[in-house]
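S.K.: Line by line, the protein sequences are chains A and B.
Counting from 1, one number per residue, gives the positions in the first sequence under the working numbering.
Counting from 1, one number per residue, gives the positions in the second sequence under the working numbering.
Derived by calculation from the structure, the hints in this document are not laboratory data.
Be careful, since some hints might not be right.
Remember, identical chains collapse to one label, so a pair may be satisfied in a single copy or spanning two.
[What the hints assert, rightly or not] When the alpha-carbon atoms are kept at most 27 Å apart in a straight line, the in silico BS3-like pairs for lysine-lysine are as follows:
{"#": "1", "residue 1": "Lys-121", "residue 2": "Lys-49"}
{"#": "2", "residue 1": "Lys-174", "residue 2": "Lys-49"}
{"#": "3", "residue 1": "Lys-7", "residue 2": "Lys-39"}
{"#": "4", "residue 1": "Lys-121", "residue 2": "Lys-181"}
There are 2 protein chains.
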Amino acid sequence: MKRAHSKDEIVQTGLDLILSKGFNATGIEAILKQANVPKGSFYNFFSSKEEFGLAVLDLFLSEMAALWRPFMEDVSLPPLMRMRKSFEVLITRFEGNNCSKGCLIGNLALEMSDQSEVFRKRLDDALQGWIGSLAALLEEAREDGAVHIDIEPVVLAENIVASFEGALLCAKVKKSVEPLKNFIHFYFEMFLA
Amino acid sequence: MKRAHSKDEIVQTGLDLILSKGFNATGIEAILKQANVPKGSFYNFFSSKEEFGLAVLDLFLSEMAALWRPFMEDVSLPPLMRMRKSFEVLITRFEGNNCSKGCLIGNLALEMSDQSEVFRKRLDDALQGWIGSLAALLEEAREDGAVHIDIEPVVLAENIVASFEGALLCAKVKKSVEPLKNFIHFYFEMFLA
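Build out the structure end to end from the sequences listed, making use of the hints.
M.R.: Structure follows, in C-alpha cells:
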C-alpha cells in the first residue's frame, strides 16, 4: 500500500467517482480503496462526507475555471466569441469523456439540492458566479452594439446557463454532443447573432 | 399493519421518495416501510430495484402526461399557446412542491444515464417522445405562419426541452420559479413571438 497520500489525492479520486456515479452512490470506502489510502485517513481531513463533497465541488469548479477562464479573458476576441469559446471548451471535454459524467454542478443540483442546504447554497453560489461572468460579457456586447435584445443581461445569462445545463443533461442521455452543438447554434448563430 | 397493498401503492410511494431523494439514496426497505408493506412483497412484484425504478418512471410519465396532454390537445388554442400552457402546468406543479423534487426524467438522466443502459434508453425514449410532441406543434405553427424560424422543428423542440430541464435544475437550486418564468418569457414572449 502506498503511503503519504495527501488530502488533494483523496479529493481528486472523489471527483472522478462522484462525477461518474453520483454523490450518494459513492461510498467513502470506495474512494479510499481507489486512492489506496487507509480508512482512518479520511477523518483526518474531513469531518463528514458532506464536507468532503464540498471540497470535491471546489476542485471541479477550479478545474472548469482553468478551462474556460483563458477564453473568457481573451480581450483580443469580441465578448460573444469569448463566451462561445468558453462553452465550446466545456463541450470538447464532455465529448472527450464519451458524453458521460457531465457537469458536477448540474449533477449535484438535481441530486442534492433537496437533501442538503449546505450543498444547495454552494451550488447556488457557483451558478450565480457563472451567470455573473456571462452577464458581464453580455453587457459588454450590448455596449459594443453587438447585441440588440430587450432583456436584462443577467436574466439572459441565467437563461443561457440553464440551457447549457439542460443540453448537457440531454446529451448525457442521448450519448451524443448533438444537443450541445444545437445549444451553440441556437444562441451564437441565431438568437445572439 | 395494513394488508393487501398493491403493486401500484409501492410504485406510488417509490415515486414520492425517489423524486425527493434520488434513486440510489432510496432504499427498498424505506419504500416498504412507508407503504407499510412486508419485505417479502417487493420481490413478488419486481425482479430487481432497476425494474421497480422503471415502473416508477412509467408512473411519473403517465402523471405528467395527464397534466400536459389536455393543453397540448386543446385545438381551440393556437399551437404555440398549447405548448406554452403545457409547460406552465408543469411549472405550477413544481411551485406547488416548494420548488423541490422537479422532473424525474431530468433527475434520473443525470443520476442514472452512466450507471444503467436500461434506464438510459428508457429516459432517451421519454425525452424523444416529448420532443416529438412539441415538434409536431412547432410544425403546425410554422404551417399557420405563426413561426418564421430557420431551424428544423425537431431541433428547436429539443432545444426547448433542454432549456426547460435546465431551468428546472436552476430553479431547484435557487428554490425559486424565476428561471422557469424566464424560460416562458424567453421562448414564448421573445424568441417564438
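S.K.: Indicate, hint by hint, whether the structure satisfies it.
M.R.: To see whether the hints hold, each was checked on the structure:
no. : hint                : result
1   : Lys-121 <-> Lys-49  : within (17 Å within a copy, 32 Å between copies)
2   : Lys-174 <-> Lys-49  : between (31 Å within a copy, 23 Å between copies)
3   : Lys-7 <-> Lys-39    : within (13 Å within a copy, 41 Å between copies)
4   : Lys-121 <-> Lys-181 : between (30 Å within a copy, 21 Å between copies)
Comparing the model with each numbered hint stated earlier shows that all of them hold.
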